[in-house]
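**Student:** Chain by chain, the residues run as shown.
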Amino acid sequence: MDHIEVGNQCCSPRIEGIQKIQQSVRARKKQMEVLLGLLGEEDEVPCDCIFVYGHEATGKSYLLSKILEEFEVPYAWINCVEIYSQRLLYEGILSQLFSSTYTVTTLRCDNMCDFIRMFKQEAQAMNLKKMYIILDNAEKLRNFEPTLLAALMRLQELTRLDLSVILISEIIWEKFRCGIGLCEPLQLHFPQYNREEVLEILSLDCPPGYSEEFYTAYLRVVLSVFYLVTRNLRELRYLALLNFPKYCEPIKCGTVSESDQHKLWKNIEPHLKEALNTVYLREVSSFQWENYHTKDAVGPAKKVGDLTQSFNRAAVELPFYSKFLLIASYLASYNPARTDKKFFVKNQGKVKKKKINLRKDQPKRHILGPKPFPLDRMMAIFYSIVEEQVPPTSMIFSQITTLVTLRLLATTSNEEELGTPKYKCLVGLEFIRNVSQTVKFDILSYLNDFI
Amino acid sequence: MTSTISEENPPSLSKGCFVHRKKPLQRTKNSKSTSEEGEDELWSSRKDIYQNLWQIIEKEINGFQEKVHGEALDAVDSFVVNSYSRSSTIKNVIKEIPTAALIMGVNMPDHSVILQLLFQRLLHSVTDHVVSLHSRDCKTLSMMIQKFVASIMKTGMDDFEHLKRQDFTFHSLSAWYQDFYQREKCAGKSPQKKRKISDHSERPHASPPIVIFLEDLEAFNCTVLTDFVLLWNCVYKIWSQQLVNDVGFHVHNWLQMVNDVGFHVHNWLQMVNDVGFHVHNWLHMVNDVGFHVHNWLHMVNDVGFHVHNWLHMVNDVGFHVHNWLQMVNDVGFHVHNWLHMVNDVGFLVHNWLHMVNDVGFHVHNWLHMVNDVGFHVHNWLQMFCLFEHFYTSTTTTLCCDLSQLKGRIENLGISEFTAIKELPSFRQYLQNCQNVPGNNKIYKDLVFKLLEELHTYQYKMFGLVGCLHVLVKDLPSHPLGKQMREVYVLALEKNISDTQEYKKASKIFGMLSRNELEDRLLSCQSFLENNEIQHWSQFQDVRQKLQEFISNLHHIKEMADTEETKVKQKQSVIVDFGKMTSRSQLKEKLKDLARNRKSTEFENCRQNIVDFFNSLFRELVPPSCFPLHEILYFNYAGSVKQHIMAAPRSAICKALVDPASYLQCTCCSIDDYSQICSSMVDTCVAYKLHLEHGRLINLYDWLQSFKMVKMEADSGKLTQVDREKRKNKRKDEPNQDLILQYPLEYFLTCLDVAQFVQAVSELQFLGFIKPTKRKTDHVARLTWGTS
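Protein chains in written order, with the working numbering: chain D, 182 to 632; chain B, 8 to 794.
To be clear, the hints were calculated from the coordinates, so they are not data collected in a lab.
Please note that the accuracy of each hint is not assured.
[Claimed, not checked] Subject to a maximum C-alpha distance of 25 Å in a straight line, what follows is the list of computed DSS-like cross-link-like pairs (lysine-lysine): (1) B:154 <-> D:321; (2) B:780 <-> D:603; (3) B:480 <-> B:448; (4) D:321 <-> B:428.
All values reported here derive from a predicted model rather than from experimental measurement.
Given the sequences, and given the hints that come with them, work out the whole structure.
**Tutor:** Spelled out as structure tokens, the structure:
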């Protein structure tokens with residue numbers, strides 16, 4: 182802290198910059214000060230490696246980018262999601278830092294050695310003093326060989342330049358450790374925003390035409406519903422914006438005044454509750470949500486639930502025999518093989534009344550999950566549950582393959598074992614009940630667990 | 008023993024199999040006497056008719072397909088356009104990659120066709136940058152990106168060939184895109200770009216979106232797809248930021264679930280979850296990225312493109328009698344017992360049965376065929392039937408419009424005429440006929456008369472079928488089905504008024520209320536008036552009668568309205584029950600009352616209507632009752648079956664048992680299937696020998712008999728018994744001596760072994776045997792019962 186204060190005294194543009202940043206980045210004052218200290222001033226050597234972590238949507242990348250933009254230092258910003266080969270990383274850094282010499286098409290650099298050589302050469306040629314390399318989503322770097330990360334973190338040492346590598350990640354540093362040559366970076370944690378901070382940030386979104394007070398009041402309503410479920414700023418922001426037109430609807434119609442909080446709350450509450458069910462899922466896109474609201478204003482309401490339910494209905498759309506195959510596979514997966522006789526043999530003869538020693542501690546099959554079964558068993562069950570005569574043609578068998586591609590079934594045997602393939606049914610009880618309803622098959626009476 | 012090496016028969020490791028084109032079988036079903044040239048001539052004339060006919064039908068079908076697809080394509084089109092031109096406050100803050108899922112039925116044969124249409128359309132009307140990615144090209148992220156970027160940049164890149172695979176990255180893409188459109192904007196007058204410019208000027212945006220199709224989404228690797236979407240998101244944000252002022256660039260991610268899916272991404276996720284993938288991550292990502300599955304279903308409601316619709320289309324195109332009506336008017340061709348045939352063939356039994364339910368179509372064995380042929384199922388089948396109809400019988404020359412009929416009959420050749428005389432239906436007719444016509448002239452007149460009758464009956468039949476359909480389509484429990492084709496099929500098969508279904512329908516019809524009855528009559532009336540049927544004079548009476556009934560009903564209604572008040576005043580009838588002593592007496596009494604109850608005016612009228620329709624539909628007899636129906640109707644289910652149901656297994660078996668039938672060589676011809684020639688292909692020999700074994704086959708024994716067959720080149724055909732004899736004889740011969748004395752013999756033995764091993768492995772490949780661990784040096788037999 183002392184250090185920054187010293188800085189404050191000596192250069193006023195810096196203070197201005199800091200103030201500017203503070204205005205645009207809310208609730209991150211402490212983190213900003215630490216970062217500024219670590220990045221160093223013009224004549225100072227920056228910290229060689231900084232590790233910034235915190236949950237998503239806590240302003241890590243945003244704050245950093247603001248600082249870098251404000252002070253106009255040379256930097257390379259790499260989003261590691263894009264890095265599916267090391268070459269992209271090296272070339273990305275080089276082309277961003279030395280854009281005058283390198284363009285995307287002329288650059289060739291695919292190993293660390295070349296990278297450092299070219300980096301040094303160019304930095305000297307351009308006489309760059311201080312540089313920053315920011316690696317966003319740094320956890321993706323763990324997919325490469327461990328030496329890459331180690332080398333990146335020691336880049337200052339390797340190039341002997343005043344450069345700083347900043348890793349941004351959502352996971353903690355301990356997960357990065359793999360034992361080879363990693364130096365411990367300076368860690369900076371971004372905690373989650375608290376409720377007041379969230380409110381402050383969200384109120385920046387206030388749409389034109391409405392007073393900030395009004396919008397804040399609305400945000401309070403939104404937070405009261407959603408804050409228990411999610412504290413993710415991005416999600417909250419999305420929800421707030423999505424539902425705002427609905428909130429304003431009565432005002433537009435002229436039935437309610439802007440100050441009548443209670444009536445507005447009454448109006449919006451059911452909609453927010455509905456949205457609560459689909460937080461994070463975004464089964465419905467914003468486009469549809471808007472459509473849904475506009476239609477809502479005109480005609481009778483169509484529930485969001487309907488929208489999502491229609492998905493499930495779509496899921497059952499399988500060919501006729503595929504449905505039976507799926508049911509057969511489900512039965513084979515969840516019934517023990519010894520009970521097949523009980524369920525599927527029409528004329529069982531005399532059933533000896535054995536003492537059923539049901540061990541009470543024996544868990545139900547549905548709790549244990551699906552068991553693999555051989556194809557023959559499934560086909561036997563299939564033929565007994567399908568009422569018509571079905572020739573065992575390739576059509577039927579290729580439908581099994583289709584079911585596997587649809588991930589309704591999974592193969593559990595080796596691919597080499599062509600003779601006796603084994604499968605496992607992956608669908609849940611609710612799903613299979615829907616399916617069996619469409620073919621008028623009462624599945625529950627065939628399941629051992631429910632008898 | 009003599010050497011088997013000769014000039015003609017050099018031993019080779021494997022005997023090649025050469026394909027000989029089979030001589031075309033002469034289809035002289037009905038005209039054995041005619042010479043080949045005459046046959047050809049006749050065929051060429053029929054071919055013309057066939058081609059004309061097919062052109063008409065094809066045009067019709069294509070029209071329907073365009074109509075049906077058009078709706079879906081329009082919706083997709085507007086989605087693409089809207090999603091990047093949509094201005095919304097939310098959109099500025101939250102950047103969603105517009106995504107739509109196109110759900111198509113499971114195992115539908117026409118995915119690729121529809122996609123291709125869609126592709127072309129987007130390419131034509133919206134953007135130059137449409138990419139279609141298959142899961143098979145996208146095993147890893149880098150492959151996916153390379154494929155994607157390369158196919159985007161291919162358009163309008165001059166030095167495309169110089170680029171290497173590694174150059175295709177998102178960075179190069181974004182650089183290229185900016186460059187491409189900047190250049191175009193600034194100095195777009197260069198001659199190469201002119202065409203593009205003019206194209207774009209019609210388009211709403213200066214920079215068109217990039218549209219990505221992900222075909223068979225469910226087959227994509229989950230992690231690859233996740234990364235790809237995340238990557239898009241990065242690019243999307245940057246690009247839209249960079250370019251928003253200038254050109255308004257928008258990226259479009261068009262997710263397509265072509266699959267054999269029927270699935271929603273949501274469910275897909277669930278599945279993924281079950282499989283044990285890290286679904287949390289994925290959801291997280293989905294969320295983060297703003298990757299939205301635009302609810303296609305929602306769209307579907309508007310668009311109406313769905314599996315159902317496809318089925319509907321099938322109805323429309325193939326079977327909707329309506330269209331047949333129209334077509335038939337022009338051409339007079341009928342596929343008789345179409346569906347029945349299909350049922351016979353057995354390839355789509357369940358389709359037809361369950362199409363009515365909301366089931367996808369599974370046409371597995373079709374898939375291949377259809378893709379090859381490039382037609383839709385029905386197209387293909389229709390075409391086939393049509394072709395077969397014209398090709399197989401010479402009589403079909405007369406299958407034409409009534410106006411041309413007279414001339415054609417006059418020009419009939421002798422052979423054709425005899426063929427007509429030999430038609431079973433005609434012969435039967437002649438037998439029943441009192442005075443058999445004497446000369447050809449009278450014959451011709453008779454044929455013309457009969458055909459004319461048949462044509463007239465057709466019109467009548469279509470009208471009647473239509474009427475019946477309109478009347479019964481929404482009866483409770485649908486005794487005669489919901490679709491017109493169901494009625495049509497029934498009518499083609501048998502006398503419809505005798506069927507159980509019809510009786511049931513008629514019974515229900517007799518119990519309808521006045522309003523329902525009136526509605527049906529009105530719709531029937533409008534059916535008769537709206538169609539071409541209104542020109543047909545046969546329905547004049549029917550229309551009059553209908554009008555009469557309707558006015559009657561109206562009258563009754565008015566009567567009822569006025570009388571309502573009177574009825575109220577009327578006292579309820581008091582029934583004198585007298586002295587009831589038992590329950591049975593009461594029952595009898597009530598029955599009596601019910602019997603004697605005077606039927607109302609409405610009931611009388613209804614009875615009249617039912618009677619009228621019963622008598623009307625009694626005229627609806629199958630066309631097969633008419634003489635000469637073979638000329639206009641096609642009814643060879645067998646031949647269709649033969650051509651459609653490929654039976655590879657039996658073909659293989661036949662080839663192995665009797666290779667001469669395919670190779671058409673004289674050396675291998677056999678009288679009995681159990682005979683083996685040494686000249687046969689090795690695999691055949693091995694196969695025939697293996698048929699003589701039990702479940703487990705001793706390889707050594709097998710080899711010995713194989714050798715025996717091969718050695719006995721001179722003795723030609725051997726049966727099993729012969730070989731047994733020789734084998735026993737040969738057992739005494741010492742093997743060692745053989746090697747020393749006859750080095751050539753030894754060489755041949757080795758060659759035999761090699762041939763044998765190859766033959767065995769081929770049999771294993773064909774699935775006749777498999778190695779077993781039960782016994783050493785044995786293989787297990789997998790098939791039974793072939794000879």
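**Student:** Now tell me, hint by hint, if it's right for this structure.
**Tutor:** Here's how the hints hold up against the structure:
1. Proposed proximity of residue 154 of chain B and residue 321 of chain D is supported: the alpha carbons are some 23 Å apart, at most 25 Å.
2. For the hint linking residue 780 of chain B to residue 603 of chain D, the alpha-carbon distance of about 20 Å falls within 25 Å, and the restraint holds.
3. For the proposed pair residue 480 of chain B and residue 448 of chain B, the alpha carbon gap of about 47 Å is over 25 Å, so the pair is violated.
4. Proximity of residue 321 of chain D to residue 428 of chain B is assessed by CA-CA distance (about 84 Å); at most 25 Å being required, the pair is judged violated.
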